[in-house]
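Visitor: Sequence:
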Amino acid sequence: MITVPHVVNLNLTGQWRENGGRIWHCTQNGHHFTWTQEGTGRVATGIAVPKVNSAEFAVVLTFDNTVHWLLKPSPDHNQLHGPSDTFTRVYPLVAEAPFGGYQEKSGKVWQVTASGPTSFVLHNQQDGRNADGFFARDHSTGTYTVFINFHNNGQDHLLKIVTNTLASLPLSNGDVFTKIY
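The working numbering numbers the first residue of the sequence shown as -1 and each following residue consecutively.
Simulated from the structure, these hints should not be mistaken for laboratory data.
A quick note: this is a predicted structure, and the numbers were derived from the prediction, not measured.
You can take every hint at face value.
Capping the alpha-carbon separation at 27 Å, the derived lysine-lysine pairs in DSS-like fashion look like this:
1) Lys103 - Lys177
2) Lys177 - Lys106
3) Lys70 - Lys49
4) Lys158 - Lys177
5) Lys106 - Lys158
6) Lys158 - Lys103
Label pairs and their computed distance ranges (CB to CB):
7) Gly172 - Thr111: 19 to 29 Å
8) Ala134 - Gly172: 16 to 26 Å
9) Thr64 - Thr86: 18 to 28 Å
10) Val174 - Pro81: 42 to 52 Å
11) Gln123 - Ala95: 13 to 23 Å
12) Thr116 - Asn27: 16 to 26 Å
Note that beta-carbon positions come from the ideal geometry of N, C-alpha and C, so glycine has one too.
Go ahead and model the full structure; you've got the sequences and the hints to work with.
Guide: So this is what it looks like as structure tokens:
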């Protein structure tokens, strides 16, 4: 009997810092990935595949077409431990989600009434309006892309946000939601 883990692809895309401080840029296509060392152009290639009957991954990397390393990902997938070096994500995978309250420029407060790993619900405490939010983090740049769909009198109004932090949400209409608690 073959058992397939729930997560079948480990996302390594982004930047990784080795212990010596050098940065490696990773691109990935399925289970295959390529690392390019910043400043030197040195290239390493590899695969990241799920282990049989396990939630763990095997990450195998080849440097200079001759040196092969088996790397062990940390439980949060923010580090890869090798035989003589550890690689750490420059922009860690963070289980961050909007929570608390946000104040818009007019002074009205929006309360986050529910949130999960990729979505949240807002409620305007003054006028009773609601909004649904959806977000994802780009691990290669460390930025968040957020969409908020405001429900106004039966009409939906979708706005886009690109931000480095979920503490300040500059909406595409010029308003800014600032975290206040």
